[in-house]
Amino acid sequence: MAEPILQIKSATKTFGGGFLDPNPPLVALKDFNLDIYEEPARITTIAGESGSGKTTLANAILGFLPLTSGQILYKGIDIYSMNRQQRLAYRKEVQAIFQDPYEVYNPFWRVQHIFDLVVRRFGLAQTKQEARDAVEDALNLVGLRGDEILEKHPHQLSGGQRQRVMVARAYMLRPRLIVADEPVSAVDASLRAMILDIMLRLRDEHRISFLYITHDLSTAYQIGDEMVILFQGITAEMGQTTQIVENPKHPYVQELIASIPAPNPRRKWATEIKLPPEDVMRFGNPNSCRFYPRCPHRMEHCLNAQPPLYKIDTTDHEAACFLYDPQASR
Amino acid sequence: MTNVHMEIPKVLEVNDLSVHYLTPRGAVIAANNVNFYIRQGEIVGLVGESGCGKTTVAMAILQMVQSPGKIMAGEIKINGQNLLDLSEAELRRRRWRELALVPQGAMNSLNPVLKIKEQMGDAIAAHEPIRGRALKERVLELLDDVGLPARVYNLYPHELSGGMKQRVCIAMAIALNPPIIIADEPTSALDVVVQRVVAQTLLDVKRRLGVSMLMIGHDMGLQAQMVNRVAVMYAGNLVEIGPVEAIFEAPQHPYTQLLIEAIPSIDERKPLKVTEGLTHDLRNPPPGCIFQFRCPLVREACLEARPPLERVAADHFVACPIYRYRRPA
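For the record, the sequence lines run as chains A and B.
Residue numbers for the first sequence follow this note's numbering, beginning at 4 and rising by one.
Residue numbers for the second sequence follow this note's numbering, beginning at 4 and rising by one.
Hint data in this document are derived by calculation from the structure and do not stem from the laboratory.
The list that follows gives simulated cross-link-like pairs (lysine-lysine, DSS-like), each with its CA atoms no further than 30 Å apart:
hint : chain 1 : residue 1 : chain 2 : residue 2
1    : B       : K273      : A       : K271
2    : A       : K271      : B       : K13
3    : A       : K314      : B       : K273
4    : B       : K276      : A       : K271
5    : A       : K155      : B       : K276
6    : A       : K271      : B       : K209
7    : A       : K95       : A       : K155
8    : A       : K78       : A       : K95
Note that the structure is predicted; figures quoted are calculated from it, not measured.
In isolation and in its complexed conformation, chain B is listed as follows:
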């Protein structure tokens, strides 16, 4: 079983990625030595509190980090090719074709003065030599793929509901059959029933096209429903990544444990787990473990060196040595 899994190729690899925001009062370390990979056909969720760097990592993968942000170090490989080695022109050709984005808040990412047929048609025509009837067919096909009626083709964004706009964004993301889609909180700001429709659309698209996805979010329920593996970030550091069942049922990192315990559910009424939020300035992270101020299991060694990400099981990595204390060596 494990061996079979290991053979699935990695489509995206992020190695030692560091992104800093260079402010006059020092660099804000938004992503520090982030390492993870996504296998073919896998959805990896990226979770953490606001400000933990999850959107920064996504933007870095897309090479769209805004100034004063800067990628300080690292590699972002798609099928083995490091994106950081490419020229801007080459990047522009590959973006969308190899790496598409479903943005957060679709209401703000569609051009209000263009009809859906124009926005979708333009995006496709910019990358592929397809025009006229064939282009129209293609757009209609894409709308059908995400469960939208054909009449959407002739509508303006303001004539669509939030869920429909979000599905137009998904249709645009899959237009060029990219191997990887990055979805930045694709269902936030949607009502729960509509959220479920959009989430199902994404899952359906993934199943039919075999794309891999990085799904950023903070709703743990949605993660449980949608992803294969979960990556947990805290204060710019990836602290744990593992199969979704393992993360929910046997989280290893103390921060992941806290995150899982704090999920409100409708299954049982339980006492609230009250904790502090982020406790240090991101410009000035402490030496040693990033989670030391909030960790209930902190030891002396944690204050000296930052624990590296270590493999605990297949596709499961943790940046905390406590898993070693817990089980017999």
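One chain only, chain A, in its complex shape:
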């Protein structure tokens, strides 16, 4: 297989814990590894609860948040030590879509200006006509028309239009990868389907890969190819989306999948769950498995080490749990 376009190598990010900070450092992301290939274009989901480190990861990839240790390589070059030209190319080829499409716009600018800026910054067109065509083309892809929205200010657009303008803007640059951080968490059911559908079309017709960051496993299941589940900064499980959702292995992921409310009134949640009190959940031992306090299968040696990722059978499905340690006599 070809070289991965984006390589994340044991990425670790800690916050706080400095010389004068009385609190221990907060490990937001620990030893995270992921390869994203250019061909074929894939949608890779990073899923987890709030505080699992998924947005930290997105920010690190987008260059907003230098890592504490580890590397993010784009086409083999560390994104935090790129020269000007490399950085400009990276900025063009890796685009982002965010959760709240209102906050990303300057409210004083018309939509036209958002596109003008992109065209100018990246030299996308030689003539005015070319620029107009490029904008119109991108807008049509997301089901919008220039005469409907270009003269408007962001607040005059509906939520769905704003989110689609974001996608059109990203698409204009013909990126290789789009980092989509909770792109459908703030929109209604009808728009959710529309935006997910646009993502699928960009993948299939324009060969753009996605890093789809979400807490919503059901939409990830509908459109995602690969999936990584984070739990408190650690990769709990990774593999094909269907493998994970249909046959989760890590006890945390099993609990997570079982807790998704099924849209079927005849199939209620099977059992009651009880979470241990908060102080137990923020368990002090940094060396133990982070799911230890809640785990129904916990074993004594789970206290002594964070389990590495073990392969499930011979597939690319992996889970960070000692239950799957091939050396263990079970």
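Following the hints, position chain B against chain A.
Just chain B, lined up with the frame of chain A:
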């Protein structure tokens, strides 16, 4: 079976409720002629897209519509008494005692400088002549009811997680044993596992105290798990209300059908159902059916008169005449 069901009394009745937001550019019709009822011990879910008026209806029931919103017409009856006839002082006495709210986003609805014992104690003491030891006992009992440890009594809101804060709000809502609780997206912004814990707390409280609930939400999965009947709103109008099984398995209104089809599930991968969002300005609704611009089954008659809510089965009403075409008369 049907007859037995019919005998359960209605604790809350909303009749012909209309709420407008009076803006300089005309009135936004946030709720138009909304009719429904909640029976004793029943949870009714209220669903719809953002801006469809579900929170407005809840606020109208609580008589807490903020200016420029105004209740233009209608009746809100609790056990037969119309709340709109009451004075503000009388309302204040009854709110909380007869009608409690579990707000959206508990993190913002607790006072950050008061300990849990103070916020809960104050709310109870304001309505009941209970003080001192007895009050403390009562608060501890309530915390236990929602599955929180006693140490929460002495904590400040910021020392609690989101799920715990939401459960404090549930404890406060049940403090005076109200017959009706209105829960406005009680589990939104919570992680899925915590969401399940909070939802189970609500169901448990309902089962033990026999309260009726109006549960506003947009997560259809959560509705399927929790409610007895679902009310569907579109652009300020209630378009269908019926038993949860009927709504999920045989939705009657074209909008409900669309809503059900658009639910992403982890049971099967299916092609996405792509539709438009709201297509008209709420200040200027079209004559005729409110859903006409998006309806795949629109007929000429739909453009002229708005279809009334008609009964199709026990406790099941639809504001669309298509159910008549579908079955032999």
